[in-house]
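Participant: Residues per chain are reported as follows:
There are 2 protein chains.
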Amino acid sequence: MSLSSDSLRSADSAAEPDCSPRTITPTSPRLSAGREQFEFDLNLRHAGMRRVCLRVEWTGDLSLPALWLAGGISANRHVCANSVDGAPGWWQDAMGPQRALNPQHFCLLACDWLGADGQLDLPIDSADQADAIAYVLERLGIVRLHAFVGASYGGMVGQQFAIRHRLRLERLVSLSAAHRATPFASAFRALQRQVVTLGQTQCADAVGLSLARQLAMLSYRSADEFAERFDQPAEVRAGRVHCAAEDYLQHCGQRYVSQWSATAFLRLSESIDLHAVVPSQIRVPSHFLAVQGDWLAPAEWIAACAAEVSAPCTVERIESRFGHDAFLKDIDRVDALLHRALQTLSSEIAA
Amino acid sequence: MSLSSDSLRSADSAAEPDCSPRTITPTSPRLSAGREQFEFDLNLRHAGMRRVCLRVEWTGDLSLPALWLAGGISANRHVCANSVDGAPGWWQDAMGPQRALNPQHFCLLACDWLGADGQLDLPIDSADQADAIAYVLERLGIVRLHAFVGASYGGMVGQQFAIRHRLRLERLVSLSAAHRATPFASAFRALQRQVVTLGQTQCADAVGLSLARQLAMLSYRSADEFAERFDQPAEVRAGRVHCAAEDYLQHCGQRYVSQWSATAFLRLSESIDLHAVVPSQIRVPSHFLAVQGDWLAPAEWIAACAAEVSAPCTVERIESRFGHDAFLKDIDRVDALLHRALQTLSSEIAA
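Protein chains in written order, with numbering that gives the first Met the number 0: chain Y, 0 to 350; chain U, 0 to 350.
Mixed in with the good hints there might be a few duds.
Part of the chain U face toward chain Y, derived, beta carbon under 8 angstroms [claimed, not checked]:
#1 Thr181
#2 Pro182
#3 Ala186
#4 Phe187
#5 Gln193
#6 Leu197
#7 Gln213
#8 Leu217
#9 Ala222
#10 Phe225
#11 Cys242
#12 Ala243
#13 Ala275
Here's a subset of chain U near chain Y, in silico, CB distances under 10 angstroms, partners left out [what the hints assert, rightly or not]:
#14 Pro122
#15 Ser185
#16 Gln191
#17 Cys202
#18 Leu210
#19 Asp223
#20 Gln231
#21 Glu234
#22 Val235
#23 Tyr247
#24 Trp294
Please keep in mind that the hints were generated in silico from the structure rather than gathered at the bench. Idealized CB from N, CA, C, for every residue including glycine.
If we strip away everything but chain Y, and leave its shape as in the complex, we get (with noise of 0.2 angstroms):
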């Protein structure tokens, strides 16, 4: 293992899948915080042992109870301003001394997922990021996380956790993520692979890439919502078709491709699709969310998972017109849901 502090990143990165202003919720930046980056040898699940590399960083002190937060595949690890970067984290909304995330009462960890800097050129399993993240709390002296929050991606990994690790969890939330990807979802992602691959063999990486994470976007969001934002007929231009919402997506795209490397892109994505887990194998009291109106992650597929669980279990749904980027979106909703979540620990922490 190594520990060492590398260069700050800026946190107003690819992990927001929007790119339209948002409102900050203050956290501080002199909130305490640390970062490390974590190198050792882990046996993936598809590949072998492997040298990987885990990149930390916390907010709050390690020595209240430990939050372990995940988003999606183009989240990383920080979730919101803090001492150690003062940008806003992506999850930074959700965070706040009214928030169910509040850096005075817990320590909030996230990583950057395996394969994020596109040096792990692998099938990498959902397994193989909680196992990674097991071993990174070991080393950092954390006995047990008081909950797994993870959403989308992470509530995959989550997932993994709390069947593979749960003497180190309490509780489980996991937002919109069901056990396994739908089929249908996985047929699209896997033809935003394949649009990666064509650039790349085309020497266009650059365009592929953005073209997939468009298309990607669209599954993140609502039909509702695009027809609220871009209700504009569509017009000639020079001879060709353009679409309303045409030049936001090419601005999204290119700002991902500005920070983002195929490879990380195809092995993430790849990711979700071999997600899978028997919903019976989770053990420790679990929550969660689903969003009606997400094809991403389908409700009656959440439903379905979490009455699988072995220990208590809770399931709420609620409308968003962001789909499955509603947990980055509409906070207040899923503030609620992490309050309720959270209280039992909440409670005990203002007793």
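Use these hints to put chain U onto chain Y, whose structure you have.
Facilitator: Coordinates of chain U only, in the frame set by chain Y:
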């Protein structure tokens, strides 16, 4: 105008967006039928006066009451097996002695879309298609259609025909089509077109077109259908993750590429996004069909469109696991609607 019998083309064509085996409702290859090809000057909405060619086929005697049938952008003029082409047509299953679309009662006409041959590399409007059809009806001596039965893009063209040529029309039957494309669906098509363009600029036209078609396929079907058909988990093949639906989609993409050009795809895909009518300008009796769960032509949009029609109008909603492709795959339900929509006609004919 030139009248020429052109070479027969296989009808087992890309009009059929599925690749699975199909049951053929028997229509007789001896059914009276004909084909013509009309060349004429047409004032295109976005490109001015141009020489165009419309290829038409009819099944049933030209003296019978005439129905114009129109499907999606990959439909063509061959709707069913008949004396000029014994191969099944793209709406084969909807035809027959017990069906509403009965070639013993009606003359069933259809065309290859303007742009389908890849020769018209210009923005093509649904209004242009309607005008071309009106021109051809004039040349064929058909004063008035008993109905325009259009599905998907064909429904859009039918709406234009009803508005621009209403004296030529008794009634409109518009299936799975609204007064305009939704911004979300338009964005998805715009990205498909960019994938084609990526292929073209990189000398990988076939790969780009195939991928675009595969992406489009996803919008024609539902997640439920994929969940039933492609339930096998993803697997690692030669170091890459392979999803269950990939082989099927690739097969469909390759088949499409063997029959269609990139230009045809681009211009007809654009044409859907250009479609925009004011429903209150529809002044003929109309019947709309909406499929619950079709996100290309949402039931709410179709209902909103129908509500504005300035003539007697019905809207029917059905559930179908085939989503947008219900008009091709849930034939019995569509036939029931067509029976009701054409009822007056049928009883007139029976009398």
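Participant: Closer than 8 angstroms between Cβ atoms is the bar; does alanine 186/U clear it against chain Y? Give me holds or violated.
Facilitator: 4 angstroms, holds
Participant: Go through the hint on proline 182/U and say holds or violated, using the shortest Cβ distance to chain Y against 8 angstroms.
Facilitator: 4 angstroms, holds
Participant: Was the hint right that proline 122/U lines chain Y, CB cutoff 10 angstroms?
Facilitator: 5 angstroms, holds
Participant: Report holds or violated for the interface hint on alanine 275/U, using the least CB-CB distance to chain Y and a cut-off of 8 angstroms.
Facilitator: 5 angstroms, holds
Participant: Closer than 10 angstroms between Cβ atoms is the bar; does tryptophan 294/U clear it against chain Y? Give me holds or violated.
Facilitator: Where the cut-off is 10 angstroms and the nearest Cβ of chain Y is about 6 angstroms from tryptophan 294/U, the hint holds.
Participant: Taking the least C-beta to C-beta distance, is tyrosine 247/U closer than 10 angstroms to chain Y?
Facilitator: With a closest approach of 9 angstroms, the tyrosine 247/U hint holds.
Participant: Given aspartate 223/U as an interface hint, is its Cβ closer than 10 angstroms to any Cβ of chain Y?
Facilitator: 8 angstroms, holds
Participant: Given a cut of 10 angstroms on the nearest C-beta pair, is the interface hint for valine 235/U held or broken against chain Y?
Facilitator: 5 angstroms, holds
Participant: Per the CB criterion, is glutamine 213/U less than 8 angstroms away from chain Y?
Facilitator: Interface hint status for glutamine 213/U: holds (6 angstroms vs cutoff 8 angstroms).
Participant: Against chain Y, with CB atoms and a cut of 10 angstroms, does the hint on leucine 210/U hold up?
Facilitator: 6 angstroms, holds
Participant: Is the interface hint for cysteine 202/U satisfied, with its Cβ closer than 10 angstroms to some Cβ of chain Y?
Facilitator: Interface hint status for cysteine 202/U: holds (7 angstroms vs cutoff 10 angstroms).
Participant: Double-check glutamine 193/U for me: the hint is only fine if its C-beta lies closer than 8 angstroms to a C-beta in chain Y.
Facilitator: OK, holds: glutamine 193/U within 8 angstroms of chain Y, min 6 angstroms.
Hint check: no violations occur; every hint is consistent with the structure.
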